[in-house]
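Chemist: Chains as they are written, first to last, in the numbering used here: chain A, 265 to 385; chain B, 207 to 297; chain C, 217 to 455.
Each hint should be verified, as a subset may be incorrect.
[Claimed, not checked] In silico lysine to aspartate or glutamate, EDC-like type, Cα no more than 16 Å apart, as pairs: (1) Lys357(C) - Glu357(A); (2) Lys359(A) - Glu322(A); (3) Lys251(C) - Asp317(C); (4) Lys415(C) - Glu278(A); (5) Lys357(C) - Glu347(A); (6) Lys415(C) - Glu280(A); (7) Lys330(A) - Asp363(C).
I should point out that these hints are in silico values taken from the structure, not numbers from a laboratory.
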Amino acid sequence: MVQSPENPLSAEPEIETSHTEEFVEELRHVTDTLPSRINVDPQSVEQGLAKLVLTLIEFIRRLLEKQAVRRMEGGDLSPEQIEELGLALMRLEAKLQDLKTQFGLADEDLNLDLGPIGRLI
Amino acid sequence: MNSPFEQVVLQSDIDELETSDLSLLETLDHVLNRGLVIAGEITISVADIDLIFLGLNVLVSSVEKAHEVLREREQGKNPGTSETEGLQTER
Amino acid sequence: MRLYVYCVVNPIASPPDKPLRGLGDKEVRSIRSGKLEVLVSAFVGDNVAITEENVVTHQRVIRSVLEFTTPLPFRFGTLVTESQLSSYLESRQVALLEKLDALQGCVEMSVKVIWPTPEITAVNSDDQSQRSGTAFLAAKKEEILGDATLSQRAGDLSLWLSGHLGGLVREEQVNLRPRDRLVLAASHLVEREQLSAYKLGLGAARAERPELHFLVSGPWPPYSFANIDLEFKSQFGVS
Chain A
265 MVQSPENPLS AEPEIETSHT EEFVEELRHV TDTLPSRINV DPQSVEQGLA
315 KLVLTLIEFI RRLLEKQAVR RMEGGDLSPE QIEELGLALM RLEAKLQDLK
365 TQFGLADEDL NLDLGPIGRL I
Chain B
207 MNSPFEQVVL QSDIDELETS DLSLLETLDH VLNRGLVIAG EITISVADID
257 LIFLGLNVLV SSVEKAHEVL REREQGKNPG TSETEGLQTE R
Chain C
217 MRLYVYCVVN PIASPPDKPL RGLGDKEVRS IRSGKLEVLV SAFVGDNVAI
267 TEENVVTHQR VIRSVLEFTT PLPFRFGTLV TESQLSSYLE SRQVALLEKL
317 DALQGCVEMS VKVIWPTPEI TAVNSDDQSQ RSGTAFLAAK KEEILGDATL
367 SQRAGDLSLW LSGHLGGLVR EEQVNLRPRD RLVLAASHLV EREQLSAYKL
417 GLGAARAERP ELHFLVSGPW PPYSFANIDL EFKSQFGVS
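Isolated chain A (complex conformation) (with noise of 0.2 Å):
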């Protein structure tokens, strides 16, 4: 289909905004977590492994804190059982830090936007 002239098209897309600093300071954040090459091979299966197997176990770990902050809230915890649940739990977010780390995996990497099912929970 070709352009009608009422509808020329900018030679180049056009990047507006009033806040140009902030948005650079936000979009940065993208490039931590680049790889320098793209390339395809065996090894990005592998790594989509450790993104799988990390995602799912940090799902749960989420789950497993708003049930552990919902039993605390209903009353139903003695102070010695909420002291060993939340050490448990910290353990068990520094654990995961660490595992993310080793593979070089961001959050955003695990994208955890639960969205539907975030209000379910």
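Given the structure of chain A, go ahead and fit chains B and C onto it with the hints provided.
Modeler: Chains B and C only, in chain A's frame:
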């Protein structure tokens, strides 16, 4: 953390953020991880959680193999007319 | 010898006057497959470096055909052999044609929003020795409550924006990050004829919420809407 991307983004002062930086970053955002995929990963999501990553290399190789077999059969029937161009299968 | 592939297009009746230069300053040429054409260039090497030069060139090549036809862009860094490309094109011919048809006459616009966020106190797990399990859970509770509120607000923001753009957007992809300052990043598929109306709609939205910071870019080739591959979201989506 040393971003491997530092070589790419101009080493500009944080204070002097140029529109050209924004242009590059926006372009990156649009160009990376979007578009048609020939060989790579398929991502299957549930509620926006990427759950399954499939290496498409396997699929592409299988289709290639099928074509190779067919071509070989053709060559067997018509020796001397095979094209060599495009038949190289790297890796 | 591998090819760097840029995009799938309907066969272009009139090729450009001077040949395009692609990555590594290689000449861009087109390969025909059935009713489709693919723009490619020869590539030396096994992988594609994410450099400014390569990224800008990739975008420039795809952008150049936008004047004549709407392309289906390939993902940046797609390197294949000629036979891999043929296999792909043959096996996906129908889907590609359908997608190409569906996108004709459209471009991609992008809207990003930064909102002023209240300070989000994340649980600091560095000083584990000091922190008790109870304090950890108490902090988590605050975090979770805060999260729920933020998610709600982010969702509302997304709905509000879509409301302003109404039927001007044929298809959209919205990325929400309630905990980030850059809370919303949307890609909109817009018909070219609707571009001015779209921009007006956006202008009205921005005027209505001056506390929000907007970044609008485009028109882009439809990068976000080109993919034909398996998308199971609608089948497995939980609501």
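Chemist: Take the hints in turn and mark each one as holding or not.
Modeler: Taking the hints in turn, this is what the structure says about them:
1. Lys357(C) - Glu357(A): holds, 15 Å
2. Lys359(A) - Glu322(A): The hint holds at about 11 Å.
3. Lys251(C) - Asp317(C): Cα-Cα ~12 Å, so holds.
4. Lys415(C) - Glu278(A): holds, 12 Å
5. Lys357(C) - Glu347(A): Between Lys357(C) and Glu347(A) the Cα gap is close to 14 Å, so the pair holds against 16 Å.
6. Lys415(C) - Glu280(A): holds, 11 Å
7. Lys330(A) - Asp363(C): Holds. Lys330(A) to Asp363(C) sits at ~11 Å (cutoff 16 Å).
Checked against the numbered hints listed earlier, the structure breaks none of them; every hint is satisfied.
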